[in-house]
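Engineer: Read off the chains here:
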Amino acid sequence: MAYQLSILSEDCVLVTFGNELDIDVNRNVIELHEHFRKNSYDYVIETAPAYTSLAIFLHVSQLQASGFTPLQYVQCIVEKNFTASQKANHTGRRILEIPVRYSGPDIEWVAAHCGLTVAQVIDIHSRMEYHVFMLGFQPGFPYMGITDKVLHVPRKSTPVHVLKGSVALAARQTGIYPQASPGGWQVIGYTEIPLVTEEINEAHFFINAGDTVKFIAI
Amino acid sequence: MSVVVLKPGIYTALYSTQSLCLRAYGVSPRGPMDIVAHHMANSILSNMQGSAVLECHFPGPSLQFMQNTFISITGGDFVACINDEPIKMWMVIRIKQGDILSFTSLKMGMRAYVAIQGGFVYHKSIYKEILKKGVRLSANEGMGIPTHLPNLSRVHQYYQPVDIIDFFPGPEYDLLSEESKELIEHTMYALSSSSNRMGFIVEGEHLRKHTNTEMLSSPVTMGTVQLLPNGKMIVLMADHNTTGGYPRILQVARYCLPRLSQLQPGTAFQFKKMTYNEALIGWKQVEDLLNGMHEY
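Chains as they are written, first to last, in our numbering: chain A, 1212 to 1429; chain B, 112 to 407.
Just so you know, these hints were derived from the structure itself, not from any lab.
Computed from a predicted structure; not experimentally measured.
Worth double-checking, as some hints may not be accurate.
EDC-like, lysine to aspartate or glutamate: derived pairs with alpha carbons at most 20 Å apart [unchecked claim]:
id, chain 1, residue 1, chain 2, residue 2
1, B, 383, B, 274
2, B, 218, B, 240
3, B, 239, A, 1231
4, B, 235, A, 1257
5, B, 239, A, 1413
6, B, 235, A, 1409
Just chain A, same shape as in the assembly:
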């Protein structure tokens, strides 16, 4: 699987593995992200995975003083340490169970839209294991998929208030809102599992990019 390097900003280089919603493309992104998480490099501040690309944030002033451009520096590291693969190896991925009360305000609308009963929506949503592509939008919000075709639903045209722990659907994804917020996804249930816990100077995130999630109806 080929990758491309490009610039997002002065201090950020992107490594892009594809342009489609694809679990194998994303597993390469996660694997490269894991490499940076486990190995520290002088000029790398942090990396952040998205669906098809990894963002690499750099100490750009120090890097410039060393004589490398950001692209050259990242190219060097990636070429030396990483081989992209068609079926990315992802041993050691964690499988997390999320108990869900399927009593969300939009579950009947989703059922009607998909031509299913509510019981069928619950059954289809909870029988699959979902890959976590990335976290974004809010601290700890997991973008998971790919949902069964029969459950593909549009976002709401206007966001509404969404409760903490809302389990939701949009397009080919399913997600969980870690905090109450405005949201445009269709809410089908709730989980009590705290996705984010924070103490002084330390935050814990229950679900990470690259994990596998299974919903359990309770």
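Go by the hints and put chain B onto chain A.
Structural biologist: Frame of chain A; chain B shown alone:
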């Protein structure tokens, strides 16, 4: 050393430049909007760089200092006063126990910064924490009398011109039609009053993509300019989400962001295209300025 918040002001909050390094978990880096003003506020007091500084919008807060100390005010000019007497910005201000700092009118800019000797004590949370009335802030131990005299004429030069914002192409720049690419550089734009720390909505001629491709959420950062479905642009600022699903058509040059953060809504400005390499050079010049070294 404690500081009592008599009035909290609007969206007043402490910011340090230390990164939480949690973008991979969807946590926005949430630093100060104007890093030049933030840096200088600490420099003036010989504080450790990156120390927490209060970022104020207008109406600003009213603070009472419970011990003798030193402060500095930088960034936007909100006519800061101690005990109702106007004080100068961009310099060391001696504070006596009981003194009250307040801001009386919005003269220029959008964000004012208040630094205290030793830096404010600050535990950065993953969630935003706005200052509330009655809260007590504290400061780390200061050392002696600050004597640093930064080259302020160069700092003031940095903020000119206010009406040209440089950019280089974003990852989806080529999704724009040729007409739109032309339009961007030949239109007078202004910031909408609904702009905030998360993003600045740009009012002006609407743009068009030449294809209608949907985009998967991709990494974004401060300065990333997204094309919204209604044809308007939004410049992502300090509270940006870590990923976004709209085309990233431009990237505002980092060295322009502090200047942009002081632009008042309604003030006309133009975008000017440059290369990524030019932007890197521009950023280096600003860093040298902040470190007190070369000509700007």
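Engineer: Measure nothing beyond the straight line between the CA atoms of residue 218 of chain B and residue 240 of chain B; if it is 20 Å or shorter, mark the hint as holding.
Structural biologist: Not satisfied, since the Cα-Cα distance of roughly 27 Å exceeds 20 Å.
Engineer: Taken at face value, is the distance from the CA of residue 1257 of chain A to the CA of residue 235 of chain B at most 20 Å?
Structural biologist: 17 Å, holds
Engineer: Between residue 239 of chain B and residue 1231 of chain A, does the CA-CA distance stay at or below 20 Å?
Structural biologist: Between residue 239 of chain B and residue 1231 of chain A the Cα gap is close to 33 Å, so the pair fails against 20 Å, i.e. violated.
Engineer: Holds or violated: are the alpha carbons of residue 235 of chain B and residue 1409 of chain A at most 20 Å from each other?
Structural biologist: Holds, because 11 Å separates the two Cα atoms, which is no more than 20 Å.
Engineer: With a cut-off of 20 Å on the C-alpha distance, tell me whether residue 239 of chain B and residue 1413 of chain A pass.
Structural biologist: 15 Å, holds
Engineer: Does the structure keep residue 383 of chain B and residue 274 of chain B at a Cα separation of 20 Å or less?
Structural biologist: 10 Å, holds
Consistency with the previously given hints fails for numbers 2 and 3, ordered from lowest to highest.
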